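Undergrad: These are the residues of each chain, in order.
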Amino acid sequence: MVATEQGLQTLVHETGGWVASQLEACTRCGMCAEACHFYQATGNPEYAPVWKVEVLRRAYEQRFTPVGRFKSLIGLEKKITDQDLEHWSKLNYYACTVCNKCALVCPMGIDLGSLLHGVRAGLSAAGVVPDELMAAVNKQVEEGSPLGMTDEVWDSRLEWVADEWEEDIPRDVKGADTLVVFSSIEVMKFPTNIAAIAKILNAAGEKWTVSSKAREVVNFGFYEGSEEHTKLFLSRILEGARDLGVKRIVVTECGHAYDALRWHAANWLPEANDFEIIHITGVLGELVSSGRIQLKPGFFDDKGTLTFHDACKIQRKGGHIQEPRDILNILAPNAFKEMTPNREEAICCGGGGGVIAIKDADPIRYAAFELKIDQVNKVGAKTVTMTCSNCRLQFTNSVEHFGLDWKITSLVQMVADAMID
Amino acid sequence: MTWQSALEFARGPLFYGALLFFIAGMLYRLVTVVALGWSKDRVPDKGSKAGGVVRSFLKGILIWPFIPWVKNTFSRNPLIYIGGGLFHLGLFVTILLGTPHMLVWKSLLGFGWPTLPLPVVDWLAVGGIIGMLILLVHRRINPVLRLISGPAEYLAWLVVFVPMVTGYMMTHHLFFRYEVLYTFHMFSVDFLLIWIPLSRISHFMFYFFSRAIHGQQFGKRGVRV
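Order-wise, the sequence lines are chains A and B. The numbering of the first sequence is my numbering, which starts it at 1 and goes up by one. The numbering of the second sequence is my numbering, which starts it at 1 and goes up by one.
No wet-lab data here; the hints were simulated from the structure. Owing to the predicted nature of the structure, the values given are computational and were not obtained by experimental measurement. C-beta: ideal position from N, C-alpha, C; glycine also. Some hints could be false.
To be verified - Calculated cross-link-like contacts (lysine-lysine; reagent style DSS-like; alpha-carbon spacing at most 25 Å): (1) K106(B) to K207(A); (2) K46(B) to K247(A); (3) K78(A) to K90(A).
Said to hold, decoys possible - Derived DEER-like restraints, expressed as beta-carbon distance ranges: (4) A35(B) to F70(A): 41 to 49 Å; (5) G205(A) to R224(B): 32 to 40 Å; (6) D301(A) to R224(B): 27 to 35 Å; (7) N377(A) to A35(B): 47 to 55 Å; (8) Y154(B) to T150(A): 52 to 60 Å; (9) I141(B) to D405(A): 36 to 44 Å; (10) N334(A) to G51(B): 30 to 38 Å.
All chains, full assembly: derive it from the sequences and hints.
TA: What follows is the structure in structure tokens.
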């Protein structure tokens, strides 16, 4: 109960006017459910975004509004218990990727994604984060990475990538313009992404570096919803950047890391504004449109139909919607086909928000992916490309689970392959 | 007490009292929310926040009520769009552009405005009532709405529905004597005015917050809303 009280305190603390005014705007029309891939896939009404934030609303109403106080006094609204928080922990961490599609559907325009993040903050303070997710957070606190990418592993992996693909990966270069921070998903599971990004930046003549201090862009504290952990992981990156005196920080193909660093860091750590923070997709857009790298037009046109998966944190919440299209229209003007819905209204992969890290969430994660299977099959694509390694992990894992014959790749990979040397 | 004196009470002292309660209650709600504090957003913008806000309101005011089918979730749940759209349209047209209501505004504000012909208002009011019924049925059959609806939601529905129906019956002299209907209409309107600040019917005020926040959030990220 002490922990629950702490959780409620955090929920209440999260509830500035910004949150309160949005909670007050909700008419309980339930439309947000129709946007949620987990609700669509399972039909479980508890997965409606409005219900996932119910615990935040109750905490707010019972604490701040006369009606709420009156209602709980006469027993119309129940006090939030330990069991409630356990229950909402499952709803929020298992069945929500914080993809924010619900915000687009809400007729009142409520930014549900940030409210859902607020719920996580309360659940994390109450100590009801699922074990596997919490284990990953603790690993990142202790070892610097949730995927076991210790200093030595990082060192040897990067050395191996540099050797294997014969690409120069500048390390700890003081005075470089650009600091590139990879995600451990790329380092450990998609090393070709590292080689591809190195190839692209080297070809463009960019003065770039990686940092041994800022070596992990992934932020499991952000998944958890813990401000303390999120700040700790963000500050490691910012310290690395400051030590090397870079002008900008490039987040590689990782969605939530970009969300945390680009759209939240400065509100917790003002020094984040000393750097330009940009996603690699934005960099690709710049390099291609300015002609600093040249692409072979139609390079992927003869390799079967190809489609692009929009990542929630990079496209819908990050704004890099047009760049991938511009690039794909050069690389595969005929073979590239759009899924419906797409762009900011795209359906989420189902693995983000830490969901893929939780074993017990596998059944609903796969159920949500079936929506994606439908979408891809409708355009008849055999290759799916994307700009987020977490989506890519969900895709490669689910493609194996469902025995699909799709090729899953990334935009940087395609660009690197189709560059004119 | 005669119907006449009840009516005089309901459209006189009770109405003004309810109106005052409504205004004070809404102000209280507004002040308590605003006083919770607003942290400054120090994150540099990618797109235009102001542009996002403008688009957000245009979308909220033009697309949602009038052309909802451009949204792809429309096909998944058309009832809520149609019910909600009909209800709000009927409500706003009736209370702003119906002649009897305009005259109430005129007595309160000191000036009036042109109104729509009765048959137009009348049909839109019928649409509004049908919209309300659709919303009620939908609330009973949709699994998500059943989950999130408690006594407060149904009471709010009733509190809005009664003034609409009694108003319509009054206009057409249906079933009861005019003064009786008028009295019921006025009592229900008075109750509605009191109930708004105590319930979610107050959403129309916070609508302006949430849509502005929506526009800012998407606008600053350079995503069209």
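Undergrad: For which of the previously enumerated hints does the structure constitute a violation, in increasing order of number?
TA: 1, 4
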